[in-house]
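Chemist: Let the sequences and hints guide you as you build the complete structure.
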Amino acid sequence: MKSVDSDFSPSSLSGLAGNFPPRVLLRASGLTVRFGGLLALDAVDFEVREGEIVGLIGPNGAGKTTFFNCLTGLVMPDEGEVRYKGQLLVLRPYKVAEAGLARTFQNIRLFPNMTPLENVLVGRHCHTKEGVWSALWRGKRFREAEASARMAAAEFLDFVGLVPDEDLSAHSLSYGDQRRLEIARALACEPGVLLLDEPTAGMNPRETQAMLELVQQIRDRGVAVVVIEHDMRFIFSLCDRIVVLDSGCKLSEGTSVEVRKDPRVIEAYLGISPE
Amino acid sequence: MEQFAQQFVNGVVLGAMYGLIALGYTMVYGIIQLWNFAHGEIFMVGAFGGLAVWTALPESLAENAFLALPLIFTAAVFTATFTAVLVERVAYRPLRSSPRITALITAIGVSIVLQESVRLFYPDGKRPQSFPGLVAEGNFSIGDVRIPWVSLFIVIVAFFAMLLLQAFVHATKTGKAMRAVSQDPDTARLMGIDVNRIIMVTFAVGAILAALAGVLQGMKFRQIDFHMGFLAGLKAFTAAVLGGIGNITGAVLGGLLLGITEVMATQYIPQGSAWKDVWAFIVLIVVLVFRPTGLLGEDVSVRA
Amino acid sequence: MTPVPPSASHLTSRHKTNWSEMWRSVLRLSGRWRFVLGIAGALFVWTAAFSPWASFAFGYPGKMTLSGFPGGARVYLLPLLLLVSLLFFTLPVGATAGVRAALGLLFIAGYNFIAISWEGDGVDAVAWGAWIALLGSLLLLWAFASFLWEEADGRSLSGQTAGHTAVKLPDPIWQMLLVFGGVPALLICFVYALDVEESSRFVSLICCLGAGSAALSSLGFFNWTSELLARQRTFAVILLLIAALVFPFTQDGNGYWLRVLISVGVFASAAIGLNIVVGLTGLLDLGYIAFFGIGAYVSALLSDADFTTVHVRVPFLLVLLIGATVAGLVGIFVGAPTLRLRGDYLAIVTLGFGEIFRITMNNWNGLTRGPNGIAGISDLEIPSLFGSTPLNFGDAHEVFGVSLPNFANYYFLCIFLFIGMAILFSRLGNSRIGRAWMAIREDEIAASSMGVNPVRFKLLSFALGASMAGAAGTVSAHVTQQVSPDSFTFMESILLLAAVVLGGMGTIPGALLGAGVFYLLPEKLRAFQDVRMLMFGAALIIMMRYRPEGLIPNRRRKAEFREEKSRFSAGFLKGTGELDLMQQNPVQEGGT
Ligand SMILES: Nc1ncnc2c1ncn2[C@@H]1O[C@H](COP(=O)(O)OP(=O)(O)OP(=O)(O)O)[C@@H](O)[C@H]1O
Ligand SMILES: [Mg+2]
Numbered sequence: 008m009k010s011v012d013s014d015f016s017p018s019s020l021s022g023l024a025g026n027f028p029p030r031v032l033l034r035a036s037g038l039t040v041r042f043g044g045l046l047a048l049d050a051v052d053f054e055v056r057e058g059e060i061v062g063l064i065g066p067n068g069a070g071k072t073t074f075f076n077c078l079t080g081l082v083m084p085d086e087g088e089v090r091y092k093g094q095l096l097v098l099r100p101y102k103v104a105e106a107g108l109a110r111t112f113q114n115i116r117l118f119p120n121m122t123p124l125e126n127v128l129v130g131r132h133c134h135t136k137e138g139v140w141s142a143l144w145r146g147k148r149f150r151e152a153e154a155s156a157r158m159a160a161a162e163f164l165d166f167v168g169l170v171p172d173e174d175l176s177a178h179s180l181s182y183g184d185q186r187r188l189e190i191a192r193a194l195a196c197e198p199g200v201l202l203l204d205e206p207t208a209g210m211n212p213r214e215t216q217a218m219l220e221l222v223q224q225i226r227d228r229g230v231a232v233v234v235i236e237h238d239m240r241f242i243f244s245l246c247d248r249i250v251v252l253d254s255g256c257k258l259s260e261g262t263s264v265e266v267r268k269d270p271r272v273i274e275a276y277l278g279i280s281p282e
Numbered sequence: 011m012e013q014f015a016q017q018f019v020n021g022v023v024l025g026a027m028y029g030l031i032a033l034g035y036t037m038v039y040g041i042i043q044l045w046n047f048a049h050g051e052i053f054m055v056g057a058f059g060g061l062a063v064w065t066a067l068p069e070s071l072a073e074n075a076f077l078a079l080p081l082i083f084t085a086a087v088f089t090a091t092f093t094a095v096l097v098e099r100v101a102y103r104p105l106r107s108s109p110r111i112t113a114l115i116t117a118i119g120v121s122i123v124l125q126e127s128v129r130l131f132y133p134d135g136k137r138p139q140s141f142p143g144l145v146a147e148g149n150f151s152i153g154d155v156r157i158p159w160v161s162l163f164i165v166i167v168a169f170f171a172m173l174l175l176q177a178f179v180h181a182t183k184t185g186k187a188m189r190a191v192s193q194d195p196d197t198a199r200l201m202g203i204d205v206n207r208i209i210m211v212t213f214a215v216g217a218i219l220a221a222l223a224g225v226l227q228g229m230k231f232r233q234i235d236f237h238m239g240f241l242a243g244l245k246a247f248t249a250a251v252l253g254g255i256g257n258i259t260g261a262v263l264g265g266l267l268l269g270i271t272e273v274m275a276t277q278y279i280p281q282g283s284a285w286k287d288v289w290a291f292i293v294l295i296v297v298l299v300f301r302p303t304g305l306l307g308e309d310v311s312v313r314a
Numbered sequence: 014m015t016p017v018p019p020s021a022s023h024l025t026s027r028h029k030t031n032w033s034e035m036w037r038s039v040l041r042l043s044g045r046w047r048f049v050l051g052i053a054g055a056l057f058v059w060t061a062a063f064s065p066w067a068s069f070a071f072g073y074p075g076k077m078t079l080s081g082f083p084g085g086a087r088v089y090l091l092p093l094l095l096l097v098s099l100l101f102f103t104l105p106v107g108a109t110a111g112v113r114a115a116l117g118l119l120f121i122a123g124y125n126f127i128a129i130s131w132e133g134d135g136v137d138a139v140a141w142g143a144w145i146a147l148l149g150s151l152l153l154l155w156a157f158a159s160f161l162w163e164e165a166d167g168r169s170l171s172g173q174t175a176g177h178t179a180v181k182l183p184d185p186i187w188q189m190l191l192v193f194g195g196v197p198a199l200l201i202c203f204v205y206a207l208d209v210e211e212s213s214r215f216v217s218l219i220c221c222l223g224a225g226s227a228a229l230s231s232l233g234f235f236n237w238t239s240e241l242l243a244r245q246r247t248f249a250v251i252l253l254l255i256a257a258l259v260f261p262f263t264q265d266g267n268g269y270w271l272r273v274l275i276s277v278g279v280f281a282s283a284a285i286g287l288n289i290v291v292g293l294t295g296l297l298d299l300g301y302i303a304f305f306g307i308g309a310y311v312s313a314l315l316s317d318a319d320f321t322t323v324h325v326r327v328p329f330l331l332v333l334l335i336g337a338t339v340a341g342l343v344g345i346f347v348g349a350p351t352l353r354l355r356g357d358y359l360a361i362v363t364l365g366f367g368e369i370f371r372i373t374m375n376n377w378n379g380l381t382r383g384p385n386g387i388a389g390i391s392d393l394e395i396p397s398l399f400g401s402t403p404l405n406f407g408d409a410h411e412v413f414g415v416s417l418p419n420f421a422n423y424y425f426l427c428i429f430l431f432i433g434m435a436i437l438f439s440r441l442g443n444s445r446i447g448r449a450w451m452a453i454r455e456d457e458i459a460a461s462s463m464g465v466n467p468v469r470f471k472l473l474s475f476a477l478g479a480s481m482a483g484a485a486g487t488v489s490a491h492v493t494q495q496v497s498p499d500s501f502t503f504m505e506s507i508l509l510l511a512a513v514v515l516g517g518m519g520t521i522p523g524a525l526l527g528a529g530v531f532y533l534l535p536e537k538l539r540a541f542q543d544v545r546m547l548m549f550g551a552a553l554i555i556m557m558r559y560r561p562e563g564l565i566p567n568r569r570r571k572a573e574f575r576e577e578k579s580r581f582s583a584g585f586l587k588g589t590g591e592l593d594l595m596q597q598n599p600v601q602e603g604g605t
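Protein chains in written order, with the working numbering: chain A, 8 to 282; chain B, 11 to 314; chain C, 14 to 605.
The calculated lysine to aspartate or glutamate pairs, modelled on EDC-like cross-linking and capped at a C-alpha distance of 20 angstroms, are:
1. C:537 / C:208
2. C:181 / A:172
3. A:102 / A:137
4. A:102 / A:197
5. C:181 / A:173
6. A:257 / A:86
7. B:230 / B:287
8. B:136 / C:543
9. A:257 / A:269
10. C:76 / C:134
11. B:136 / C:499
12. C:76 / C:208
13. B:183 / B:194
14. C:76 / C:137
15. A:92 / A:59
16. B:286 / C:499
17. C:537 / C:211
18. C:181 / A:174
Honestly, the hints are just simulated from the structure, not real lab data.
Modeler: Here it is in structure tokens:
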């Protein structure tokens, strides 16, 4: 099996090709997941290009979260494969994270008894290499690596608008701050693609607006973002491209205008076919 | 070959007792995800409860198996159930929402307290107590295989107890509520099920079965002591894990399998009896490594 | 999403049953009566301290028949009484503290009352002093408790939140002075407590210290001290170290307490290793003592003991390494296939491994001499720093003109061992590795999604913990001079685990304190030998109920044990998934 996708050809690397479409970062093809008799994902194809914000929408139980779980190795697909930058992904959570995919969870999953800074430092895990001996010896290398990891973590905290507090554990943050912290932690992995699962769930309009700006800033840093959301205004004003899932199938795909007009989407959401 | 058949029968008898205890583990685990470490002690307390009543009986009654046996069983069941419900109420219930390790350490504490209470407060409890046999001594034979009447009795009692349990869990309203709670306690509560009561019933049912096992154990070995719950409990828990924890049929199957394995290994492996208590754990480790969900359990392992 | 509610008072804030409502309404006091009863109670206790408690002399320790003399257990009423009197002026803030201190008085009075009537064959043996002590402490308890009921009825007392307000510390100079005074004071208390012989006095002393600390703790005192110690950590550690090194010189050449402290040290060292496994990584290991045993057996076999099967003698430092390595390798061997199992399965597998180890040692006559064990292990010899003759740990030495018993050698070795383990623990804990461990403990799925390979780090933790136990075991074999299978039973594993949990998971002082409690108290409570295990079991239950985070909790981790979070998940009879990302939510239910 060839391991390099044609989209990831050297020519698209060179940067000369201004009129080439942006290269594909993440490509899932034919992802199928079954839970017993339930077909949670049915041969879903999906791709994310560089610098894109992709929205993933669909009614409850459509399989959006399952799709994320599948990409990040928490659920094994029964069929299909995922490629990142052309490389076939080994679907184990930590391998996926190493490769450059980071995510947040629909039900926030922080490390509740660690400080915000420590939470983000765990995100730096892949980018630090210090082992047992180095930790025991505490030589110059270790101290430098540790200091730079802390610096980076503090920067990520700052980026999402949090201040490090040594005496606070993550679980005592407010709900919105927890969401932001989760994003900071994911960003600390320096992913190529960031997967956000309902980042504005439970937020008020003002916080939602702030989240929208935050996601745009993340994209401006050169990270492609896939975001699951039920808030349509949020999705339509943020995403370059929208993918609609329903009962595990990809129903529709396109810009917000295209998706909004698609009769199948309206049917899936309203349960009636438009006249 | 006869020897094999003979040992097989012995294994089934042992396994039936493991299975009875294992049911208590598996049900409690299924409902509140607690490894009720003290369940082995409930088994022991039940046996002592039965013995206490038998000792107190007038001689004419004590000799008569048809009168004494029901009394002993009733007493054992009462003591064990009372203890189990008390323990649930006092020790476990306040910890429902605590981390696992807190609950497990409490369970270990309970186990120690029960053991020590019997050791200190049962008359002469420090030494093994002899237990009445009651069922006719001697054997009957099928071919060359000789089966003691006690063993037959044990298997029959265990079989009917398990049958009743199945009926209880599947045919009664409480049983249905139990299954509902195990699936989703919060929803069950919203549906009007008294979750606390169901949990208590689960402990009680487990205790009843353990008490039966306690008396049967006493009748078979003619002796009980205060620390017999520890090893029996461990092996029964092993049996429950072996069968797939949370699974009732699995617990019985696991018990039988463990009993047979233990007896066979002791018989056929050189010096086997010195290693008697090791086989259970080896089987456990092997099963968990190759089929972490147990024999009948569904896939619940967290993939790394 | 609410922050954790302040949990200063367990007496009031828990489940209010109608039953207790009823009692309250009967026992409620008006302001003046509280005052009167409080004063009366204090006077009674004061009088009781100087009055006879036993009506005739029958050997109950402490000259309890004398009046005008606060001998025996009576003297321990006085510090608590002082505390209570001071607390009067801090009301209503100090109400909880007052209740705790009054409870301490009640325990002292009650224990001695029962003990006297027990030993004197009946209540006749009890003189009026003890009655008055009971009465006085009950009155005090009543007076203080009525303040708490008031609070429960709606008036919030500021004292309840004392633990959560920001801690104010004095100038650094004062901080140093406080530490400088506090550490020796603590040490003097410790040495004093060791010297208290009779169990009645010792129990009373423990009641006094326990109630006093509980009272101070509700005033936020320990938050304050832990903050102080955190600021002045290096200084405090150095002082403690000096104190520990000086201790043998205070023993007049007597080795008894050194011996006890040696076993405390050895077990505390092992407890630190277990702390990596349980406290940092969150893996439940119920067979940890087996790794300790491996170390002990390795050391016993390689030291050419009198009763042994292997006649070689390997230098100790090498033995230490070998023991740690072998234990670590066995740890890997056991852990590699089983560490992907979820918590309870791992617990029973480790338990099973522990039993397998013990039975193997019991049956492997050719190597381990079975149940007889290996005995007559020689004293340690290490190359001397000063001369050509090696330093033999069996010899007594004269240092600075003070003769030290031979146990002092092992004592110092244990201190080094402990320091080594502590450094290992804290350095690993404060690194990328430690953070990965904690992340796995907190949420394995989230950790793996952040790039942490859970199996690898769990294995590392397990193996490291095992080899630390192995190292402690090698020392232990020389201290006890013999090893046999029955030193490595399941109960020993539980004892170690309990030490870690009781002390406070994930902290070094916690491990030391836990080991101290479990290996010192039995020495002091010999009178209770028979009910020792019963008390141990009861203590575990009570501890888990009222202070699950341990005596010296990790500062931030307290919340984990206090938070109301649903541990329920599906799984009975059908067995649905544990990996159920939609339903399970270990952090907390979001405010959707
Ligand atoms: N681990 C699992 N085991 C069994 N069924 C599952 C599992 N995870 C998800 N499902 C089922 O798969 C379907 C898709 O679920 P999924 O969580 O992906 O939906 P979703 O689109 O994220 O919905 P929502 O908008 O409510 O978050 C649902 O019917 C759900 O019940
Ligand atoms: Mg979802």
